[in-house]
Amino acid sequence: MLELKNICFSAKGETGGVEILRNVDLTIPNGKFIVITGPNGGGKSTLAKVIMGVEKPTEGRIFLNGEDITDLSVTERARKGISYGFQAPPRFKGMKVSDLLSCAAGRTLSHDDGCKYLTQVGLCSREYIDRDVDTSLSGGELKRIEIATILAKGGNVMIFDEPEAGIDLWSFSRLTGTFESIHRNTDASIVIISHQERIIRLADEIIMVSDGRITEKGPVEEIFPKILANTTGACSYLEEA
Amino acid sequence: MKELTEVQKMMLQKVADMAKMPTEGAYNLRLNGKGFVRHSSEHIDIVPKEDKPGIDIYVKEGTKGETVSIPVVIDQSGMDDLVYNDFHIADGCDVTIVAGCGIHNCGCDDSKHNGIHTFYVGKNCHVRYQEKHYGAGDGTGGRILDPQTVLYIGEGSEVYLDMSQIGGVDSTHRYTKCELDDGAELQILERLMTHGEQTADSEVDVFLNGVDSRCQITSRSVAKDASKQVFYPRVQGNNQCFGHVQCDSIIMGDAKVRSIPEISANHVDASLIHEAAIGKIAGEQILKLMTLGLDAEEAEQKILEGFLR
Ligand SMILES: Nc1ncnc2c1ncn2[C@@H]1O[C@H](COP(=O)(O)OP(=O)(O)OP(=O)(O)O)[C@@H](O)[C@H]1O
Ligand SMILES: [Mg+2]
Chain F
3 MLELKNICFS AKGETGGVEI LRNVDLTIPN GKFIVITGPN GGGKSTLAKV
53 IMGVEKPTEG RIFLNGEDIT DLSVTERARK GISYGFQAPP RFKGMKVSDL
103 LSCAAGRTLS HDDGCKYLTQ VGLCSREYID RDVDTSLSGG ELKRIEIATI
153 LAKGGNVMIF DEPEAGIDLW SFSRLTGTFE SIHRNTDASI VIISHQERII
203 RLADEIIMVS DGRITEKGPV EEIFPKILAN TTGACSYLEE A
Chain U
8 MKELTEVQKM MLQKVADMAK MPTEGAYNLR LNGKGFVRHS SEHIDIVPKE
58 DKPGIDIYVK EGTKGETVSI PVVIDQSGMD DLVYNDFHIA DGCDVTIVAG
108 CGIHNCGCDD SKHNGIHTFY VGKNCHVRYQ EKHYGAGDGT GGRILDPQTV
158 LYIGEGSEVY LDMSQIGGVD STHRYTKCEL DDGAELQILE RLMTHGEQTA
208 DSEVDVFLNG VDSRCQITSR SVAKDASKQV FYPRVQGNNQ CFGHVQCDSI
258 IMGDAKVRSI PEISANHVDA SLIHEAAIGK IAGEQILKLM TLGLDAEEAE
308 QKILEGFLR
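So the protein sequences, as listed, match chains F and U.
In this text, residue positions in the first sequence follow the numbering used here: the first is 3, and each later residue adds one.
In this text, residue positions in the second sequence follow the numbering used here: the first is 8, and each later residue adds one.
These are computed hints drawn from the structure, not numbers from a lab.
Mixed in with the good hints there might be a few duds.
Pairs of lysine to aspartate or glutamate residues, derived as DMTMM-like cross-links and limited to a Cα-Cα distance of at most 25 Å, are as follows [as the list claims (entries may be wrong)]:
id, chain 1, residue 1, chain 2, residue 2
1, F, Lys95, U, Asp52
2, F, Lys98, U, Glu291
3, F, Lys219, F, Asp27
4, U, Lys231, U, Asp219
5, F, Lys95, U, Glu312
6, F, Lys98, U, Asp255
If you want the ones that stay clear, here's a sample from chain F, every Cβ over 10 Å from chain U, calculated [stated by the list, open to error]:
id, residue
7, Val76
8, Ser127
9, Arg215
Even for Gly, the Cβ is constructed at its ideal location relative to N, Cα and C.
Between the sequences and the hints, there should be enough to build the whole structure, so can you do that?
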């Protein structure tokens, strides 16, 4: 179980501190499938980075299965089972897809094991396993390899930041199938940051993050209609103006 | 039968992937300035030079799929070794040449090896040349390598040079010169790592003389601590040709790196590109590997390993 208590985060802007997260309280029980959604710039990725330890909260505490992990490093959190697939993953000159997957798994993966993870994200493994994770990969390919590394790493809290971004329709259904199967077969909490209706509909719970706060929270049936109402509301407002 | 010491075997493994001396094929091991063992094969003749130190290697026309290994090992402190190796590769050959030099210096005098390799590559050949340089030993004496590689590449031949200096060499000055005929193709991959107070500089001159000749020079280097590196890859297009130079360096600590690629065209259909970049390891890359459970040091190690592979 992951618990965030009163998390605040501010970054240094040109005119002093900019508040990016404001008093976020959140509990994610084991085995839950959660989707975080909300407008661009709302603070979703920042929230994920605070959980991973990439950003240190200016206030508040984070607990993993009851243990206070607020002061632990990224590496320590990773070893305790927190995993985070970046929204914009970096590229590596000279590192092969198979190397990256082995790093993630924490052991040298066999060819077949490496390929298995690529297949789960809809990549033809034969073509990719020996490729370099460099600028020769397309955006969608890189993104799917990033997701595959998270699958190879596993963990008890797995966060995926907009996994659907740049991914084609065929791979997309393969990917949602993979998320569903992790959800069915493991006790890991899955947190997906997404703007995609088809992913949002998979969730046990939806969390709306907007302006650095959690503004809505609840089961899909309850929250999804509100999201739709909100977006159409914004449109008609625009039309009127 | 003369025996190698454990240190010599270890150096041989490092520079030529040879755990022991080969028992077949063509090879020549040079040890502390003298020929140690030499063997010619049916298609490849190795003949010692009479007028100066070194060997002539003759690869007969149409030789396919053979390897020649000519490693050099020095483990005597104070050794100053100069050697001329000439490769005469006849038309239509497909061969791999494994060169390399390991210096193990436990003494206080400088040990030095200058290998001057000249290749005369005929027409329609495929030649792979692999050269590894490595230094070890805890003496105060320097480990110095100043290799020269000169290639004349004939019509329609493809040559791949894979040259690396993987550590432990205090000072190196390397010079590589290649002249390409019609339709010839050259690929150079150079990898270099320096640490401590080491210095390395590498000069490359490629002359694209033939119509439709092509070259790709890729240089990857890591400069650590207070080491210094300088690169001068130069490509001259004298015909309808294509050339690409790419230098990429990772800089760390108090190191200094200069990268000075030069392309010059003397023909309207010459197409030449150069790219050079120097920078430290991207923070994002380290961070990514840390989120996979590596600590900062392990992450750095992994990134460098991949970069220099
Ligand atoms: N280090 C920083 N310094 C200043 N501002 C920052 C910093 N990091 C994030 N921000 C700002 O904080 C806000 C939240 O950013 P965040 O990346 O968390 O948004 P998001 O909800 O993930 O958006 P998107 O849907 O576009 O991915 C943005 O306005 C962003 O510009
Ligand atoms: Mg984001």
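Determine which of the earlier numbered hints do not hold for this structure and return their numbers in increasing order. Hint check: 1, 4, 7 fail, others pass.
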